[in-house]
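Chains X and B are the protein sequences, given in the same order. All letters in the first sequence, in the order written, are residues 0 to 168 by numbering that gives the first Met the number 0. All letters in the second sequence, in the order written, are residues 0 to 485 by numbering that gives the first Met the number 0.
Don't take each hint at face value.
Rough simulated footprint, nothing fancy, chain B against chain X, three-plus residues with beta-carbon under 8 Å [to be verified]: (1) 4-14; (2) 155-161.
Have a look at the derived ranges for each label pair, beta carbon to beta carbon [said to hold, decoys possible]: (3) B:I379 / X:A86: 52 to 60 Å; (4) B:P392 / X:N120: 40 to 48 Å; (5) B:S389 / X:T123: 39 to 47 Å; (6) B:S371 / X:E145: 53 to 61 Å; (7) X:T123 / B:Q302: 27 to 35 Å; (8) B:D387 / X:K117: 23 to 31 Å; (9) B:E198 / X:M0: 47 to 55 Å; (10) B:G222 / X:E145: 46 to 54 Å; (11) B:A184 / X:T123: 47 to 55 Å; (12) B:R452 / X:R139: 16 to 24 Å.
No lab work stands behind these hints, which were simulated from the structure alone. In this text, all values refer to a predicted model and were calculated from it rather than measured experimentally. No residue lacks a Cβ here, since even glycine has one placed at the ideal position from N, Cα and C.
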Amino acid sequence: MILCPNCQHHNPVGAVFCIECGAQLVNSEATVTQTIRTDRIRESISEAPEVAPRRIVTTTWLTLHLLDSGHLLPLAERSEFTLGRIAENQPVMPDIDLTPYQAHAHGVSRLHAILRRKADNQVTIMDLGSSNGTYLKGQRLEPHREYPLNHGDIISLGKLRIQVLFRGG
Amino acid sequence: MPNYYEILGIPRDATPEEIRRAYISLVRRLHPDRNRLPGETELFLEVQRAYEVLSNAERRAAYDATLPPEVPSSPFRLNTFYSRNVLLKMEEIQLLYMLCELEVVSGEKRRGNWNISLVLDRSTSMQGEKLETVKTAILEWIDAFTPEDLYSIVTFSDRAEVVVPSGLQRSVQQTRSRIYAIHAAGGTEIYQGLEAAYEQILRSYAPDRLNHIVLLTDGHTYGDEQACLHLAERAAAQGILISAIGLGGDWNDAFLDRLTSCTGGSVHFAASAEDVVRLLKHLFQQLQQTYAEDVLFDFTLSQDVEISYVFRIHPETSPLTPESPLHLGPLLNDEPLSWLMELRVKPHALQAEMVKLLEGALRITPIGAYTSFQVPLRVICPVAQEPDASPPPANLVQALSRLTLYRLQEQAQQQAQSGNYTHATRTLHYLASHLIGQGERSLARTVLLEAERLQREGKLSEEGKKTIKYGTRALISSPTKKGGKP
Chain X
0 MILCPNCQHH NPVGAVFCIE CGAQLVNSEA TVTQTIRTDR IRESISEAPE VAPRRIVTTT
60 WLTLHLLDSG HLLPLAERSE FTLGRIAENQ PVMPDIDLTP YQAHAHGVSR LHAILRRKAD
120 NQVTIMDLGS SNGTYLKGQR LEPHREYPLN HGDIISLGKL RIQVLFRGG
Chain B
0 MPNYYEILGI PRDATPEEIR RAYISLVRRL HPDRNRLPGE TELFLEVQRA YEVLSNAERR
60 AAYDATLPPE VPSSPFRLNT FYSRNVLLKM EEIQLLYMLC ELEVVSGEKR RGNWNISLVL
120 DRSTSMQGEK LETVKTAILE WIDAFTPEDL YSIVTFSDRA EVVVPSGLQR SVQQTRSRIY
180 AIHAAGGTEI YQGLEAAYEQ ILRSYAPDRL NHIVLLTDGH TYGDEQACLH LAERAAAQGI
240 LISAIGLGGD WNDAFLDRLT SCTGGSVHFA ASAEDVVRLL KHLFQQLQQT YAEDVLFDFT
300 LSQDVEISYV FRIHPETSPL TPESPLHLGP LLNDEPLSWL MELRVKPHAL QAEMVKLLEG
360 ALRITPIGAY TSFQVPLRVI CPVAQEPDAS PPPANLVQAL SRLTLYRLQE QAQQQAQSGN
420 YTHATRTLHY LASHLIGQGE RSLARTVLLE AERLQREGKL SEEGKKTIKY GTRALISSPT
480 KKGGKP
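Model the full structure from these sequences, guided by the hints.
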């Protein structure tokens, strides 16, 4: 038997994907999802800010200001980021892992919300059906609906409060 | 001694007709009155001699006896991929996945003549815009047929009518006006329609034609499912394929899957009547590309081995009935036919160091040919004490990962049906997060909406069920979506 690390289901030997939750059980040459490591992003601003500050400023379109810890996470290059936390061996990984900021204790779901930049540079947030909800200015957002964000807005994923700062912050 | 077959440029199993044609075309070019190049007259004499021998059955048999046994060069390539290289010596059931890809690598392309019957549901629910759109689609469809193609059109409600009988259609105008005159009324009894279509197919039946029934329905049939399945089995044995198009949300997909898959055909989901236009075009292209109508896989399993799941990945994704002969469906000229099998191996099977799990052969009959090719397929696997660490091939994992989504959906529907809503909801949530991960946001949204509905109303919507089922099915053969994860 193989125990699925994601849902604890018992699968027969030789199973490649869990028949209960669909998590991949066997490593393969093909990676199905990719994750951006936030620890590296953090390093780039807190530990070595002078290495390439200009480049960061020009490509960053949004900075997440984690109000509880004071950390800043600049988002760059892509126009979509999913927020959540990585639990061991989960099938779908969020782009931004909030685990280092006590995400679990604050009630952040594994795939919690998504931030998007539209063609007209408008920034939106959408809750992905999280257990504890996403809040904007104290209002709970309807899941799977996009809400526009403004510079300086404060969103909460569960109880994790984040201020969104446009551009490089 | 010269090889007469090579001189005429024909295969060893050429029919007398093929020999005659080859001879005539060569003679036209090589005749001493017409030829231009030096040496062609000598060639002409050799062609004469070859034809004298091969055109006579007795002389041909005597000549064949002098030839060395033929080493057949197969026009096919069969690639197989396994999820693991060894089986483990252990007291548990274990799984082995196998991906097979069959393609035509040489030989001429085929475009056989067709013998098609279109069966149209004209029950009351088809009334109005829906039926009009479908009629237009059918008219467009038959316009694209060549004059050599035979077709018939049957409509049914509680009974069947032959609108256009099988045969060479001479009066286009008459055919068109008959199709225009189809009106909607009555119930849905699929067997009536199928039986009439089957009769029409038999009227023009020839084993070297592409014999195909296309069923278009938007409703449930009641009570005659068994009769339909029996008919499908009879059709399958004669090499007649059944494909189906289900329109809207209210038709029995599980039944149509069984009906078509036992013949090698497949089911297509049309969300709207406009979709029918696209699907009929798609079917038409597939027919045009068909090299062999139904590839059969005859196999015997070793004791304590079973096939628990067979799924065709390409060209049409569809679950298949895992019985021998397995109807794998059409092989196209330019595209591989690929399918995935899940083998369950019981501990008893592992008595030797090398175990044979399965032995069989693919039977491929090209359209227009009377003889078929055999491609052997056998699965032999070493048994070891230690697992093999090498990862499974990427294409197999890719196919399995998509198939896993389809199976999650299948599972959720079963759980919902047996009243296990909590479990079904959880499965749907798993499915949705996988879909989001693969960039399939709109399908994921449908899944989540259905999960909510299940909580609220205690059932899934028919429309939603089909969108999810055929949506995840379509993913299996599609390339990874761009704009999802980078």
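| query | If you check each hint against the structure, which ones fail? | reply | 2, 3, 7, 8
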